[in-house]
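For the sequence shown, UniProt numbering assigns the number 1 to the initial residue and increments by one for each residue that follows.
Treat the hints as calculated values from the structure; they're not laboratory data.
Remember, predicted model here, so these are calculated numbers, not experimental data.
None of the hints are false.
Dumping the calculated DSSO-like pairs for lysine-lysine here, alpha-carbon to alpha-carbon at most 27 angstroms:
no.: 1; residue 1: K99; residue 2: K187
no.: 2; residue 1: K103; residue 2: K187
no.: 3; residue 1: K110; residue 2: K100
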Amino acid sequence: IKARLAADYDSSPGQLLSRTAFIRSHNLGPNSFIPILRQQTETARTCVLHTMRWGLHGAGLRTVANSQSVASGTNSLWVMLRATRRCVLVCQGFYAWRKKDKKLVPYYFKHPDSRLVLLAGLYDTCSRFWTGNMVHSFVPLVSNHNSQSRCLTPVVLQTSAALTSWLDTSSLQWNETLAELIAPSTKVDSLMTNYQVLSRIERECSSSPSMTLPISERIDGIKAAFARQPTTPSRAQATPTRRLALKPGSGFRGAAKTPGPPGTSSASKRRRSRSPSVEIIDQPSSPSASAAVRKRQRLTHAVNTTRRRNA
1 IKARLAADYD SSPGQLLSRT AFIRSHNLGP NSFIPILRQQ TETARTCVLH
51 TMRWGLHGAG LRTVANSQSV ASGTNSLWVM LRATRRCVLV CQGFYAWRKK
101 DKKLVPYYFK HPDSRLVLLA GLYDTCSRFW TGNMVHSFVP LVSNHNSQSR
151 CLTPVVLQTS AALTSWLDTS SLQWNETLAE LIAPSTKVDS LMTNYQVLSR
201 IERECSSSPS MTLPISERID GIKAAFARQP TTPSRAQATP TRRLALKPGS
251 GFRGAAKTPG PPGTSSASKR RRSRSPSVEI IDQPSSPSAS AAVRKRQRLT
301 HAVNTTRRRN A
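Using the sequences and the accompanying hints, generate a full structural model.
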């Protein structure tokens, strides 16, 4: 991270604090530990990377801070933190929800040149009364991307000058320049590459590099599913099943089309077409017809017997 910051924004932070708490992931959310860039002290200009927990725990769990509320000073907590506890969340990209076909779908945002993404935030430090340990936590600033859709987007610091201005707390004062940095803007969609991803990001336990890929490029996406279709026809299409018919005295023969018994209905024909591949063509169609066949066979047998006796 330090090397990327130096190359992308000409910023050289010092040591990394709480290194063991950070776990790399492609899907981080509240209560995750993330490297945060902040000043080493409130008046010093030296920056450090400090791994903090996402979500302020000092005054109830707060996972985000609205930039308009921070700039206007309507919340006493933000007024206390915005002057001396400003920080920057360092990441490769972020997810945001957008409205598409009357539904909210997740999109992934990143810089076109693949440089690190810097998100403005506020941090705080408090102690646990039962252990006395210090807890460092932060919240990212968000703004309304569109007043009609009410989609929240993190506040992105686009330049190294914006990074320096936001982290500089030496004056211990809030000013209009800082308020302009976090003002709501609709330029995020045009300045950053964004595309739709799967809704699996809602499950924080899910983390894989494919989560940041467009839906069309995923190995389990729609485009990939069509690409995996076989180029040759399937076995059922290439070698259709031959229906075999059995006639008395003639053995088996291939029958492409077999006429049904006289008087059979269309429903009966449909049932015959779905029958197994081996069927009997001249079988009786009803119990009465079966009795007539047996009677004819008995008469024929009696006639043949009489002829043999007379001969």
